[in-house]
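Number of protein chains: 2
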Amino acid sequence: MQESLSIPDTEVRDAGFFRNRIEENLLKAIGHSSPEELYAPMRYMLSLGGKRMRPVLLLMSNEMFGGNFEEAMPAALAVEMFHNFTLLHDDIMDKAPTRRAQQTVHEKWNSNTAILSGDALFVQSVLEMGKCDEEKRGAVLRLFLNSALKVCEGQQLDMNFEKRNDVSLEEYISMIRLKTAVLIAASLQIGAMLADASPEEQKNIHAFGENIGIAFQLHDDLLDMYGDEKKTGKQTGGDILASKKTFLLIKALELADDSHRGEIRNLLSNKQLLPEIKIKLMKNIFDRLAVKEHATKSINEYFSNAFSVLEKINADEERKKILRDYVEGMRGREE
Amino acid sequence: MQESLSIPDTEVRDAGFFRNRIEENLLKAIGHSSPEELYAPMRYMLSLGGKRMRPVLLLMSNEMFGGNFEEAMPAALAVEMFHNFTLLHDDIMDKAPTRRAQQTVHEKWNSNTAILSGDALFVQSVLEMGKCDEEKRGAVLRLFLNSALKVCEGQQLDMNFEKRNDVSLEEYISMIRLKTAVLIAASLQIGAMLADASPEEQKNIHAFGENIGIAFQLHDDLLDMYGDEKKTGKQTGGDILASKKTFLLIKALELADDSHRGEIRNLLSNKQLLPEIKIKLMKNIFDRLAVKEHATKSINEYFSNAFSVLEKINADEERKKILRDYVEGMRGREE
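Quick mapping for you: the protein sequence lines, in order, are chains A and B. Here our numbering is used: the first residue of the first sequence is 233, the next is one more, and so on. Here our numbering is used: the first residue of the second sequence is 233, the next is one more, and so on.
Where hints are given, some of them may not hold.
When chains are identical, the list treats them as one kind, so a pair holds in a single copy or across two.
Unchecked claim - Quick list of in silico lysine-lysine cross-link-like pairs, DSS-like style, CA-CA up to 30 angstroms:
1. Lys340 to Lys327
2. Lys462 to Lys340
3. Lys368 to Lys435
4. Lys395 to Lys512
Just so you know, these hints were derived from the structure itself, not from any lab.
Could you build the full structure based on these sequences and the hints that come with them?
In structure tokens:
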């Protein structure tokens, strides 16, 4: 036997490493209890894949502040389970037929099963989060649950906005902060808490998370209109067809003069036009108003804010770089 | 001023006292955060009233083991909030138009609002439960959440049973144990935990709770068929019309010979008959098979088991009596 085959002591714990550990543990955390009709949809939902961004960020933050990733694993699984619970219930509310090119739970089973297995997935996420160190349990759960409540508030605002035509950019940002950014921020902060980071560092990593969370959502808004269908897996302009209030639409309405504004509103309410035509015409208006450039500028600002906060954080430089590189990678994503 | 007007030091803390304290605190615990569309349905649901049995039992158990009811109040509110969350989602799944003679949340608002405000109510219940003493938080939350998961399992089994014609009495009892009894048992045990009761006493009070929980559900089954509509506020025979597998129906199928069994099955699947006729005919069969007597016997057995366990518990006799009297009162209820 050759000595060179000995296993090295240290391993680079980067996004790939964390993601593999998460995938290994996620389905195991649900288990195979009965009745099968309750547990199978939970496992199905978690097996649809995804970037596992929240748990990866939690583990990276934990690592950066000197934590032990194995101890932080239940918390990482918990945020991913919670995120999937929100997707499961959101899909019912949005009547979405597919997710990641597969049937949604309420389509594959039915709405009742989707409601109930969502509820159970949420229960399991809190149970999982509760497995953390006893001394930190209270604070971790409070942050997790208060963030969960904000996610519900954000989802309700999003639904309210569907019925309104006067949503301001400020209101929109508040909504995506609640619906999307807060959970990303909480994931990073929980990672920090479990590594005994100071309250100041926790505040900073939370602010970092809020900024990248908003940037990611604005990037999603942009991909919906300007992304490559083959890469995103979603129909280009889907948000326009669903009359969703996104950064692009709200910014366009804000920039437009009265005549342009009328044109946008007519286009949105027009039910005769072919979808492709509707999207093409809207894109023309967006181009005239340079909405894409405004969105890109805004996204860059949020990332820039995030990275300024990250700079201030006193942590292992090499591990900070792993987090920065991961977020930079997500910034350039086309899917 | 007369001396006899001085306020006494002690107060009888009985069901009425606890219930008043619960009512005083329940809506306050939800608060008036925004968006209103999320919080108003939660407050509405909690304001529909009810017996508040779970929190009353929690506080009585806590008192019996020498606890302080004010310290146990958040846990009491938590179980009531959780119970209302399950009702809110169950009403969507059952497409129930009314609850306590008022519109259900999904009728008054819509399904999406009912799903989401239910989710938020659940989040708030766990937050409230987490307010308990730090030393006990881990164990209390584990019991609460594991019980919550069992409630979901019970609800799924109940839905599975709707599609089956061969549900055994044993399966039915397992289902109601999960769907109903486990949360009552957990409420009592949490009250005991917060009062530092021993593991043995906790086990006993949990067993007491499971037995009364099953008895209450069987009593509900009986009231559905034999109760007074004016008192129950529900249509007599509603379970039969909904083809629900209840103790009565399962017992009837078990007792019946082949010809009776065929008669029951035909009656259930008959969509031509007027509801009143269908119920009357089913009642005739039940009478011939003495199903009511069997149910009463079974209910008495569960209560008797419960009271035997209660006898074993080493606690203040006067307060044990308050708990026993309360349960006896619920046993005779006609609504």
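TODO: Would you list, in rising numerical order, the hints stated earlier that this structure does not obey?
DONE: As far as the earlier hints go, not one is violated by this structure.
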